[in-house]
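Asker: With the hints as a guide, bring the two chains together.
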Amino acid sequence: MTFTRYLLTVMTSGIIVFNSTALQAVESNKTTQLQLLELKQQINALEKQLTETVLPSSLAKNTEKANNPLQIGLSGLFAMGRSSVDNTELSNLQAGGHDPDKNGFTVQNVELAIGGTVDPYLDAQTNIIFLIDDAGETVVELEEAFFTSRNLPWGLQLKGGQYFTEFGRQNKQHPHTWAFVDQPVVLSRFFGGDGLRSQGIRASWLIPADWYSEFYLGMQNAKGETVSSFLNVPGDDFGGYTLIDRNARGFDDLLYSARWLNGIDLSDTLSINLGLSGLWGPNASGTTTDTRIMGTDIYLKWQAETSQRGYPFLAWHTEVLQRRYEAADPGDPVQDILRDEGLFSQLQWGFKPGWIAGLRWDYARADGDTSADPMRDTRKRLSTNLTWHPTEFSKLRLQFNRDETEHLAEKTANSIWLQMEFSLGSHMAHTF
Amino acid sequence: MKLILKQFIYLLLLSAVINTVHATLRVETTTQDLAAIASVIGGSHIEVHSLTIGTRDPHFAVAKPSMIRRVYRADLLLVIGADMEIGWLPPLLQSARNSRVQPGSPGYLDLSETVKLLGKQQGPVTRDMGDVHARGNPHYWLDPRNGVHMAKMISEQLSQLDPEHATDYYANFKAFEKNVNTKFQQWRSELKHLNGKTVIAYHTSFVYLAEAFGFSIVDEVEPKPGISPSAASLNALITRIKKEQIGLLIMAPYYERRSARYLNEETDIQIAVLPQSVGAEPDIQTYPDLFDAIVKALKTTGEN
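These protein sequence lines are chains A and B, in that order.
Numbering follows the numbering used here, in which position 195 of the first sequence is assigned residue number 203; successive positions increment by one, without gaps.
Numbering follows the numbering used here, in which position 214 of the second sequence is assigned residue number 232; successive positions increment by one, without gaps.
Please note that a few of the clues may not be correct.
[Stated by the list, open to error] One-sided and incomplete, this derived list gives chain B residues near chain A with beta-carbon spacing under 7 Å: (1) Arg74; (2) Phe78; (3) Tyr90; (4) Gly105; (5) Tyr273; (6) Ala311.
[As the list claims (entries may be wrong)] Some, not all, of what chain B presents toward chain A, calculated at C-beta under 10 Å: (7) Gly141; (8) Arg145; (9) Ala270; (10) Tyr272.
[As the list claims (entries may be wrong)] Using 30 Å as the maximum straight-line C-alpha spacing, the simulated BS3-like pairs for lysine-lysine come out as follows: (11) B:Lys196 / B:Lys210; (12) B:Lys242 / A:Lys360; (13) B:Lys242 / A:Lys403; (14) A:Lys403 / B:Lys196.
Calculated from the structure, these hints are not laboratory results.
Ideal placement from N, C-alpha and C gives every residue a C-beta, glycine not left out.
Excised from the complex, chain B in its bound form (with noise of 0.2 Å):
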């Protein structure tokens, strides 16, 4: 009996040593978009899990239980900040009760503050101006160059957690970075259509996609951010698209497509509903399928 005990105990021992020499770092993102970035830089040294499914606006999710469980288990947490998750996040952190994920801890990456955003508002921010992100626009991740910032931010914070593997994340941040820049020009190349062109978004969320291939934004469907449109408002905005001969309308698969329909019939407007985080679609996995299939949406249109 003792000796089963002893036994025990050693296996025991045993297991918790080899759990801390072989561990892989808990990473859990709030979007999939920053899931697949990651799972290409921690590589097998990681186990990456999405709070959030692409096919959702994540600034609308909920907090659920299972997410308690699984920011407690965390070793790092990976937000797209800029008040995209304010909803959901803060009341998350407090019941999950894991000091390696607040913010302020190795454990905490809030990407925002990482990279430049567009967007930040001058002047005081009120809600009469609808659901405008005072910090600027959290969308940044569709910019192909703050990607691969982004990735080298994860890449440096999981050296920092685990630096026995810090050149193993240097060398696949490289080869992301040359992966991204190398299709980069060949997206520009195919998207050398939209140079300099005028385009309406439903919502403000393509301002870094603008930004990244040179077109502009000029209007939203939306009169204010996350205000549904009225009939003046559409109506309004038919003067315009006539006026200014704007060909082309852009939105994410999530929203209601009549208003854009209705804009279709009155002004033959051409519609591209593009996918806006990795997931949004099934065969969109990694980052680079996430353009490629943005591309894909957008080269067959906007070309007259």
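Excised from the complex, chain A in its bound form (with noise of 0.2 Å):
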């Protein structure tokens, strides 16, 4: 009973309903018509407010899943070769850490690098590298492990922990990806073997220029191995002088870096980079010392219009550098300044692809009579090589050094080195 009395409520309301659209409909026809339009503009509205939210965001989605890992790879740098001169000269000229410094075989640099996005706001990478001393013990030691900031404002970004400090072009660079088996002698007496890299603080800005141009200002720790020309390890010498234990007292005392770097397209093919760094801090010749380092660096790279794998390329990079230490307290009867100053210039012709041929020339001085000194004499370097990259993956160098040195007896020297690279993982970046 109850049930047939709410189906014929619901049927006649239904009908009344109806009936009553359909009166309005014959009576006023424009008015449906545009309520009809303003239905349809509202459904247009709302399907596409559909795809745009939900459709993007769900293939969206699909790319996140694919491509989050993290960035983890390892490459390796082995070298075997042969000089004229002994192990210990040897060990003077090829000053770097990282450099082929053996008749016979050096484990350059096997580096772990793992790297990605911690969260929104930063990213982080770091990089660990073992290497083979001479007594055959394994050396690790924590290359740089930093993060950087993703979207600050005004296009600032900062960046802090263990890095290498932006000085330069050559500085900042891993070892498997140089030019050369070899750092340039410049930047081995100046930034010691492993570079220039401590603890700290940096921040830069993009310039808001119609070119790249970016400004790089930072503070670090100045004391260690990797900071040479400043507090270096106490009782080492440097110019003659014994390095004493002074550590920093204050903000005074740390090292300060600032680096301006422009880039600019020529053309399609033609590309330059110029930039000036300079590098102030306390040195540990005496209490109240200081180091201050200038240089200028420039690169200018072409790329053929239409290239395979990026051949045939042209890269020219040549940095000039400065330093002016103050030796040893005011009123102190050995206090000097000392000046050195050094150069390379490098040349590289990718003329087909996989093949790169190369060519360096490094001179560095120092005022006063250094000619005993390894690490302050004059000395030019001359360097050929050959690289071959069977793919991205891998490499093989062949390279040629003449050296002549005032400190050797002999004053000249030849060596000769093969160098080869694996990298696993992760892709390679691609440099400029």
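Answerer: Below you can see the structure in the form of structure tokens.
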């Protein structure tokens, strides 16, 4: 009984509604058309919203799933070679910590690199290196471990941790990306065997110019063997001065660095980088002594309009550096100012896919009579090499070095090196 | 003095307002193909620029400092994806400090996620297999049907970023779709003679073209993707070409020609050098131009 009544009510109300709309439609056709149009527009808007919000975001999820892993890579760099001088003399000529420096075999650098995105605010990277020293012992170094900010406003970026100082172009490069088997002479002299790296923070600012222009400002600890022109290891000798144990007493005793880097595309095929760098910090030859290093770098690269695997190309890279080292405190009878300078200029010619020929000129000197000091004498070195990359992940390099240097009894030395590199894991970045 | 300062601030505010109102979207793309499609869809509402040029293999580009500046200012970044830019885009995105165009943001569109990729690898992938892209072959823009789909995705992304002009983007997409679909029928009839034919390619970059025009690529000059051919691998290929009577070799302009010439001398195989991207030749400026040029190059060959 109740059910039939319910049914009837529903039916009648339905008829009434239907009738009323039908009547209205007859009465005012125009209004309905307008309403219909409105409805259509609403539906369209909703549909649009749906495709916009649902579709791309579901696709975006797909992307995230596919490429969010940690970047892990291991690269091995080995060399064998023969020189006209013995291993003791060779260690002064090949002063870089990753240079091949033995008659025979050298494990130059085995590097584990792990990097990735920490969270929406930070990226992080760490490079741990393994070496075999003269005694056959394995040495482990925390080469770099740092974070960088991802999206600070106004083109700013912060970096902090243990990292290579942004000074010039070469200092920041890891050994497996070098164009030669060894480090330029002037860098070994000014920054020590491992390159200039330390603990600290730096800010960089992408200057709002029409071209790429970035300014870096940083401060780092000035102590240790990886900041050799500053508070190097106590007891060590520097230009005849024995280094004292000097600690940072405040922000004054930290190492300050600045760099201004500009990048301009001169054409589709020609690009240039121009940089100016400076370093200011205390040194351990006295209690109030300071060191200043200035440098300028230029990098010019031409790549053919039509190129296979990035070849052919021609790249010219030159850096000029100057150091002013206050030796011993004022009032000390041996007080002096040590001035050193040096440059390297190198050319790389990628003449066919996978093949690169290289030529490098090194020069370094210092004021005064420094002919007996292997780290400050007048030195010239000419290097030429041929590199073959079978794929992006391996290389074979043959290099010849001709040294002319004052401290050697023979005055000259000839060395030949064969280098091999492999790279496992994540795809290495294509460096400009 | 005070008045001047006041006026100056007023002017500054005004220019800021004008900037936000009339700002055109800055779109950066990793290839000229993406730029060509985007510029048609976006019309005058966007400014498009490609980070690489079409005469080069986009996989081997380098992260130049000038690109950092461009990506920093971009509102939308369009990428080919499927590991095509793996060597240079990740470091570039890290240096560009622009959260608008990071993966997952509305300003980042990886088109490879929106099309059906060929050559997805089943089972493990090792580098012994050469330069194999595990997620699929990334040269998908060489199928005009994919081009239409890419245009659709780009128009949707632009509408999301700039809803005010959504109807324009949709209309531009519709016109693009109609244009490419009509031309596709034309191109297909012009390349009828290739239907069912077997072809050799230099690199695995033309699988989508083969799919679109109904021919099949049975082998490559490279013994493995990205690995240069050796005398032994070329001789094995000669045997195959002769045995199976393969009549056509297709290759992109930026590969060495010596191997192809050698194969041609030994087997009489015809060689067609096909542009692979917009911008590969000076007169290839639009997406349909690319297929016009490909069809022109293929029409005169492979007819026997």
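Asker: Now tell me if each hint is right for this structure.
Answerer: Okay, the hints, checked on the actual structure:
1. Arg74: This interface hint holds because 5 Å falls under the 7 Å limit.
2. Phe78: This interface hint holds because 4 Å falls under the 7 Å limit.
3. Tyr90: Holds, about 6 Å.
4. Gly105: holds, 4 Å
5. Tyr273: holds, 5 Å
6. Ala311: violated, 15 Å
7. Gly141: violated, 17 Å
8. Arg145: holds, 6 Å
9. Ala270: Result: holds, 9 Å to nearest chain A Cβ.
10. Tyr272: Hint holds; B:Tyr272 Cβ to chain A Cβ min 5 Å, cut 10 Å.
11. B:Lys196 / B:Lys210: holds, 21 Å
12. B:Lys242 / A:Lys360: Holds, at about 19 Å.
13. B:Lys242 / A:Lys403: holds, 18 Å
14. A:Lys403 / B:Lys196: violated, 49 Å
In summary, the structure is inconsistent with hints 6, 7 and 14 from the numbered list given earlier, while agreeing with the others.
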